[in-house]
Amino acid sequence: MGIRKYAMLGAFALASFSLSAFAASAEDVTIRVWSLDRDIQPAPNLIKDFNKLNSGIKVEYRQIQFDDVVSEAMRAYSTGQAPDIIAVDNPEHALFASRGAFLDLSDMIAKSSVVKPENYFKGPLASVTWDGKYYGIPKATNTIALYYNKDMFKAKGLDPNKPPQTWDELVEAARKLSDPAQNVYGITFSAKANEEGTFQFLPWAQMAGGGYDNINSEGAVKALDVWKTIIDEKLASPDTLTRSQWDATGTFNSGNAAMAISGPWELDRMLEEAKFDWGVALMPVPQAGAERSSAMGDFNWAIFANTEHPEEAFKVLEYFVSQDDRMFKDFGQLPPRSDIAIPATGEPKKDAALQVFVEQLKYAKPRGPHPAWPKISKAIQDAIQAALTGQMSSKEALDQAAEKIKAVLG
Amino acid sequence: MKRILSSITDGRGFDVGLVSLPLAFLFVLSGLPLVYNVVMSFQEVDMFSLGSFSRPFVGFKNYIDLFGQPETWPILLNTAIFVTASIAGQFLIGFGLALFFWVSFPGASWLRGLFLVSWVMPGLVVGAIWNWILSGDFGVLNFLLRETGVISGNIFWRSDPSYSLWAVIIANIWLGTSFNMILLSVGLSGIPKDLYEAAELDGANAFQRFWTITLPMMRSTIGAIVALGLIFTLQQFDLFAAITSGGPNNTSNVTQYWAWDLSFRQYDFAKGATISVIMIVFVMFASVVYVRSTRHEVRG
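Residue numbers (the working numbering), protein chains in the order written: chain A, 1220 to 1629; chain B, 199 to 498.
Don't read these hints as lab results, they were simulated from the structure.
Among these hints, one or two may not hold up.
Claimed, not checked - With a straight-line Cα cutoff of 25 Å, these simulated PhoX-like cross-link-like pairs (lysine-lysine) come out:
id, chain 1, residue 1, chain 2, residue 2
1, A, LYS1341, A, LYS1623
2, A, LYS1569, A, LYS1369
3, A, LYS1594, B, LYS259
4, A, LYS1277, A, LYS1594
5, A, LYS1581, A, LYS1341
6, A, LYS1335, A, LYS1581
7, A, LYS1625, B, LYS259
8, A, LYS1375, A, LYS1395
9, B, LYS391, A, LYS1623
Using the sequences plus the hints, can you model the full thing?
Right, here's the structure in full:
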């Protein structure tokens, strides 16, 4: 480390020397950015616009695949080839931050006139925070809420303007809506054995006073019992255990499930495919007046600690942040900020849904943050699946998960 | 000097040179990673020490931890079932098809070639398609079984713990059958026809001819196929990723998928390497069988 530090100092010295010495020729500083955004998504477009400004900073973009983000990043970092800026999935952020791989941006943010922590939703901001310091800036955000088929509500004698508010109401509604003869399940969601399962279950545990560090609390056990009731009574398809959120919501769109728990990424497809009237409601809570919670997804920006141009890299991030108001209009992603209103799209169903999602975002909580999040998540997934397949009771399964998580937390 | 030179252009040196090239290639691209993998299984590795070689050695800790996990034995058992059932299915159906196409009828070889299409398809595509076929509510397989009256209610192939592993096995048998068939066809066509003519003259019936001529003559081909099958099924990863992700609750998880999950999902590279080492032992065994069964071919 010592040698690397000196080498870095040397590089700095050299860089600043060459900058001051050849100010006339003004070599552009090159900032490398990695993210998973495709050509119609924010990063490449914002970079194109930034490069047009000719600010003396040239940004190079590289697209990486979702599955490769972490492995590519760590390979690059451990061999000293890391980019200056990377977009990383929010539950992975702490892994890098806790090991000093990401730059502490607290001071730069404090001085910045563009990036203001108070503008952000609590959940996304918490996900870039480690040990009280900011190791990144939220890039975009999303959450989950309850979609429901208003036509089916009417057909089964339920009030389409009164979606279920509590868990009991949800299960009751699912029972009424479920119609095996018509191939209709009451509800659909995902309890898959990957991060999606955790993403969907954790909010339920949190609403009932549980959490990843308290996963076998009474409330969390009750939450899993509710899930178990839904699966055991076939109010949701048994394939819930192996289906992704995207595929699960597909069955809602085709009219084979009356309710669905998923996120705003479904909206465009639903508008196109769903041939019925639908609405979105906040996630039902354990009982009236209980604490709300929801999942929080999407990526964060971060600067690698071994960048040679931290100032310039931060300037690039500041530019990205300054364009946050384009996030929804141009790219259909929700900005992670509470101070930016989502503009109306002119599509009433979508606008109503977005309002609910923005409201739900206030309660969204990050997964972790913890450097060993994938292991914690795996323990939770295993518990969900063990209980839902009837191999263990909810209590036993979550006790086992708590045991595994305790070993991880140390 | 001249002796050495001439030996290189024409003689022992030339042979050594020819052999050393592929050997060096093998050593660098297969040998070193293998050794590296074994070393890693005795170390404490995380993503930040991936780039360096000097990592703390922890002895057999990874192995002890691994076998202390409740899911380890079930996953090893799953792997054994997966490998055995897949190979048995692929081989039996493949052999049946090979015998069928061996009987010459118009279009036999053409049809046989068509079967290879399944082998050419990428595993993820096959997995995605089987994912639909095996879907519980709307799957084609359930529809067929229901219409023919085999089942009364839907089977949730992917999500029922007692079927999930079999869901992947079915897909894998479909994927590997054609490869078995082609290799077995090659073996069959290598059997001299006069053996059968002689046997027929002596009054041997079709069953006797199969047991006393076809099977013994195919011994080395069969050995090679089973060994290759073991290697291919132990490699099978895409189908698990596409169909069950090892779920529900690890009931369809196998070592190869688990090793990936540990290394690249949970970033526990040491444990991932540890499982790989256990798998290497099995593959070594398969390799020995393969080498022994193909030895005839080299000499003959």
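Each hint, compared with the structure:
1. A/LYS1341 x A/LYS1623: With Cα atoms ~28 Å apart, A/LYS1341 and A/LYS1623 exceed 25 Å; violated.
2. A/LYS1569 x A/LYS1369: holds, 14 Å
3. A/LYS1594 x B/LYS259: With a Cα-Cα distance of about 18 Å, the restraint between A/LYS1594 and B/LYS259 holds, given a limit of 25 Å.
4. A/LYS1277 x A/LYS1594: violated, 38 Å
5. A/LYS1581 x A/LYS1341: holds, 7 Å
6. A/LYS1335 x A/LYS1581: Cα-Cα ~17 Å, so holds.
7. A/LYS1625 x B/LYS259: Distance ~19 Å between A/LYS1625 and B/LYS259 Cα, so the pair holds.
8. A/LYS1375 x A/LYS1395: It holds: about 7 Å lies between the C-alpha atoms, which stays within 25 Å.
9. B/LYS391 x A/LYS1623: violated, 64 Å
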